[in-house]
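Trainee: Listed below are the residues making up each chain.
There are 2 protein chains.
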Amino acid sequence: MELPTRESLKPLFEPKSVALIGASHKLHKVGGALARNALSSSFSGQIYPVNPNLKTLFGHRVYRDLNEVPEVVDLVEIAVPGSAVPRVLLEAAQKGVKAAIIVSSGFAEIGNFELQEELAKISHRYGIRILGPNCFGLINTAVGLDLTFSFTQAIKGSISFISQSGAMCCGTLDYAFQKGIGFSKFINLGNKCDVDEADALIYLSEDPQTKAIALYIEGIRDGRRFMAAAKEASKNKPIIGIKAGLTEAGARAALSHTGSLANRKELVDAAFLQSGVVRVDDIEDLIGGALALAWQPPPRGTRIGIITNAGGLGVTVADWCQILDLKVPVFSEEMRSKLRAVLPEIAATANPVDMTGDADFDRYKAVSQILLESEEVDLLIAIFTSQGLVTSYGPAQAISETANKTRKPVLAMLMGGSSIEQGRRILIQNEIPVYHFPEKIAIAAKALTQLRSLRRHSSDK
Amino acid sequence: MELPTRESLKPLFEPKSVALIGASHKLHKVGGALARNALSSSFSGQIYPVNPNLKTLFGHRVYRDLNEVPEVVDLVEIAVPGSAVPRVLLEAAQKGVKAAIIVSSGFAEIGNFELQEELAKISHRYGIRILGPNCFGLINTAVGLDLTFSFTQAIKGSISFISQSGAMCCGTLDYAFQKGIGFSKFINLGNKCDVDEADALIYLSEDPQTKAIALYIEGIRDGRRFMAAAKEASKNKPIIGIKAGLTEAGARAALSHTGSLANRKELVDAAFLQSGVVRVDDIEDLIGGALALAWQPPPRGTRIGIITNAGGLGVTVADWCQILDLKVPVFSEEMRSKLRAVLPEIAATANPVDMTGDADFDRYKAVSQILLESEEVDLLIAIFTSQGLVTSYGPAQAISETANKTRKPVLAMLMGGSSIEQGRRILIQNEIPVYHFPEKIAIAAKALTQLRSLRRHSSDK
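First to last, the sequence lines map onto chains A and B.
The first sequence begins at 0 in numbering that gives the first Met the number 0 and counts up by one.
The second sequence begins at 0 in numbering that gives the first Met the number 0 and counts up by one.
It should be emphasised that the hints constitute simulated quantities derived from the structure, not laboratory data.
Quick caveat: nothing in here was measured; it's all calculated off a predicted structure.
Treat the hints with care, since some could be wrong.
Heads up, the list lumps identical chains together, so a pair's fine if it works in one copy or across two of them.
Mimicking DMTMM-like on lysine to aspartate or glutamate, the simulated pairs with C-alpha atoms at most 20 Å apart in a straight line are [to be verified]:
1. K236 x E332
2. K178 x E420
3. K25 x D357
4. K230 x E420
5. K28 x E247
6. K54 x D361
7. K25 x E117
8. K364 x E374
9. K337 x E116
10. K326 x E247
11. K28 x D357
12. K337 x E231
13. K155 x E205
14. K28 x D359
15. K15 x D73
16. K178 x E283
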């Protein structure tokens with residue numbers, strides 16, 4: 000199985016200079032939104048807007064064509080009408096440009112396979128790597144480069160996100176921005192005439208800013224190539240993925256959406272397992288799971304310690320852990336006596352530890368420390384809901400301080416509305432993933448525990 | 000099976016006058032927070048703060064004891080230390096007070112069963128109905144009465160919420176406030192020395208402001224009584240419930256939290272089925288499902304029509320519908336030709352209907368109308384994610400207008416962050432439930448479809 004070299008993908012993901020072909024001042028159009036994002040980003044390399052009908056754009060000089068641009072750029076981003084794309088791409092390839100992002104539509108997604116084939120041929124002949132066509136572009140927050148037409152910015156972070164669907168990118172970016180979740184690379188593959196999931200994985204596998212990779216997949220053309228790349232990349236980075244279209248109804252929708260063929264669930268399960276990819280079923284869990292994988296280390300086992308200031312939430316989280324085959328062991332008498340020493344008499348110590356409603360900084364700190372230092376716990380889930388007595392500040396501070404001193408993973412669940420906002424921000428700043436309901440935190444804990452067994456499994460092969 | 004009369008519960012839920020025994024000015028304590036909430040609510044009846052050590056409280060006259068209060072109140076709310084509660088309760092009962100809310104703790108929850116038994120005896124002897132002890136109180140938004148010590152207000156709405164756990168009440172209220180979700184009655188049962196789930200259900204079954212009932216249950220003492228009451232109430236109102244502690248780990252936690260005994264999942268499933276209660280597993284789904292049941296009618300069948308401006312979200316929602324055994328039928332050629340007439344050529348019409356990224360008011364309106372008028376669709380799921388071209392305003396308006404003219408249920412899924420806020424508010428104002436991810440909207444759709452079969456099932460018995 001021949002995989003691309005990481006080197007061959009650098010001009011696409013880390014260009015030193017970029018030409019925007021079809022840049023315009025019409026902000027409600029793709030060419031305008033692209034230019035605004037690229038030109039207002041903090042990128043320190045050169046960006047050359049190209050448009051024969053403009054002299055300046057947002058204060059920048061505009062170039063008539065690639066010939067006028069004073070250097071051979073690493074990357075061209077093309078937003079001209081679909082039919083004009085092959086000519087523009089060929090010109091760039093012939094000048095020695097090494098990579099192209101084609102946002103223009105009008106290709107395979109509307110049945111125009113011939114036009115798309117022309118792009119693939121140029122890529123093959125000249126070695127120019129192509130992202131797209133019909134794509135949303137990419138963002139590299141490490142170098143401050145936004146080459147999308149997104150209306151939302153990406154926060155700098157450590158998750159890299161790869162999606163075939165452009166709309167999924169928009170929704171995810173906007174959701175993540177509001178939640179304070181950041182990205183390293185944010186990549187929309189679009190029609191995948193050249194660069195696909197396998198290429199993106201190979202590039203990201205050694206990207207120093209990427210701590211976890213999230214994949215939204217509708218269809219994989221070359222399953223073996225994908226698996227080889229995923230297996231390679233998962234040695235270095237945790238990968239979490241969702242394969243949409245696994246049911247008959249979903250597969251039919253995927254076929255009409257991106258022309259992706261159905262995959263049987265069992266096949267996808269086996270493929271993900273063999274290539275070391277954690278599989279989830281919902282987009283919320285893709286993001287929530289990626290956060291856990293990026294921010295927290297994999298646990299040594301599946302024994303979950305649960306601490307809470309609200310008994311009922313402890314009960315439902317324990318339920319969900321067990322539904323997902325995680326263990327919630329009863330603590331030893333030795334451990335329980337340590338817990339009793341720092342807890343009021345009515346507190347429950349067996350696991351979940353119900354610290355009762357007035358638990359504040361001290362109790363969260365003492366109890367989380369006891370659990371994390373114990374041989375009986377592999378992963379800590381800390382739960383808080385405001386009951387009017389204690390704000391989320393103290394508990395969030397305590398959880399953060401303890402989590403920062405341990406090598407065991409810590410996840411937090413805060414239930415509520417505005418009363419938990421302050422605590423949520425503190426935890427997120429300390430890279431402790433925050434969830435709001437039992438099912439979702441249990442799924443994230445499960446993803447973390449799976450990582451270890453997946454790595455063992457794929458290294459055996 | 001003897002069930003309470005609704006009449007006997009009215010003094011508790013709809014008192015004409017209330018005495019707050021143990022009202023104080025210490026806002027960081029239960030007696031202060033209670034008094035603040037009760038005295039600042041818009042209730043038109045009389046509220047009498049009682050405390051021998053105060054003359055006035057927040058500008059209101061304070062009474063020395065119940066003898067000084069100029070009338071026999073319907074309800075006393077008691078927030079004195081636990082050991083003093085029996086004396087205060089007895090005095091009220093002897094005066095002819097018909098109901099009591101006991102927020103004081105120090106009873107069964109700390110193993111003090113004898114003290115709690117004293118309350119039960121007084122209730123039995125004098126016929127005074129008791130909510131609690133060790134409870135958070137109740138809210139009746141219809142009469143503007145807040146008898147809790149909550150730090151968050153309840154918005155007026157049509158869901159009634161019953162929970163054994165007080166912390167669950169705090170978290171739910173705060174979450175719901177932020178989401179704009181309102182309640183009719185909000186009830187925390189606490190230790191249930193008298194009033195329990197069955198009583199609350201009987202009262203709510205004919206409450207005109209309640210359109211759906213959400214139940215958080217840890218333990219049921221008298222399963223047959225619960226089932227009889229639920230069966231009775233579910234004839235009038237949709238009921239959705241979560242039974243926490245169904246796994247071994249959860250059951251252990253529930254035992255230590257509220258002394259609730261384990262119930263096997265199969266038993267709970269059967270009990271819910273026979274009594275017409277929709278069962279969900281997560282608190283998020285309890286609230287999301289209750290919203291669907293309160294705001295939307297049950298569908299006639301399980302055929303889901305999906306419309307979207309983002310192909311990938313259509314795929315994953317279709318997947319989740321099928322995972323939950325809902326149907327996503329391929330539309331007839333006749334229907335598809337109607338859809339083609341209002342859609343661009345590249346749109347997908349089979350179901351999901353992918354209206355493509357620039358779908359705005361007109362397209363959402365035309366397509367949702369065609370689906371809702373069709374014999375091929377029982378329930379409509381409308382999906383939107385912002386792609387920078389169209390704001391959420393137009394689609395939300397269109398969905399609302401169409402939904403208001405149909406008897407079929409409509410649910411909306413908006414994915415994103417700040418870009419969907421406006422649309423979310425419009426939909427919520429029009430009583431169209433809004434979800435943010437595929438799994439959650441599919442679970443809500445499932446809850447609606449279950450209602451019909453549950454009603455058929457329980458009426459057969």
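Trainee: Take the hints in turn and mark each one as holding or not.
Mentor: We went through each hint and held it up to the structure:
{"no.": "1", "hint": "K236 x E332", "verdict": "neither (39 Å within a copy, 47 Å between copies)"}
{"no.": "2", "hint": "K178 x E420", "verdict": "both (10 Å within a copy, 14 Å between copies)"}
{"no.": "3", "hint": "K25 x D357", "verdict": "between (56 Å within a copy, 16 Å between copies)"}
{"no.": "4", "hint": "K230 x E420", "verdict": "neither (38 Å within a copy, 40 Å between copies)"}
{"no.": "5", "hint": "K28 x E247", "verdict": "neither (36 Å within a copy, 57 Å between copies)"}
{"no.": "6", "hint": "K54 x D361", "verdict": "neither (64 Å within a copy, 38 Å between copies)"}
{"no.": "7", "hint": "K25 x E117", "verdict": "neither (29 Å within a copy, 77 Å between copies)"}
{"no.": "8", "hint": "K364 x E374", "verdict": "within (18 Å within a copy, 59 Å between copies)"}
{"no.": "9", "hint": "K337 x E116", "verdict": "neither (68 Å within a copy, 33 Å between copies)"}
{"no.": "10", "hint": "K326 x E247", "verdict": "between (34 Å within a copy, 10 Å between copies)"}
{"no.": "11", "hint": "K28 x D357", "verdict": "between (54 Å within a copy, 11 Å between copies)"}
{"no.": "12", "hint": "K337 x E231", "verdict": "neither (45 Å within a copy, 49 Å between copies)"}
{"no.": "13", "hint": "K155 x E205", "verdict": "within (18 Å within a copy, 54 Å between copies)"}
{"no.": "14", "hint": "K28 x D359", "verdict": "between (52 Å within a copy, 16 Å between copies)"}
{"no.": "15", "hint": "K15 x D73", "verdict": "within (6 Å within a copy, 78 Å between copies)"}
{"no.": "16", "hint": "K178 x E283", "verdict": "both (12 Å within a copy, 18 Å between copies)"}
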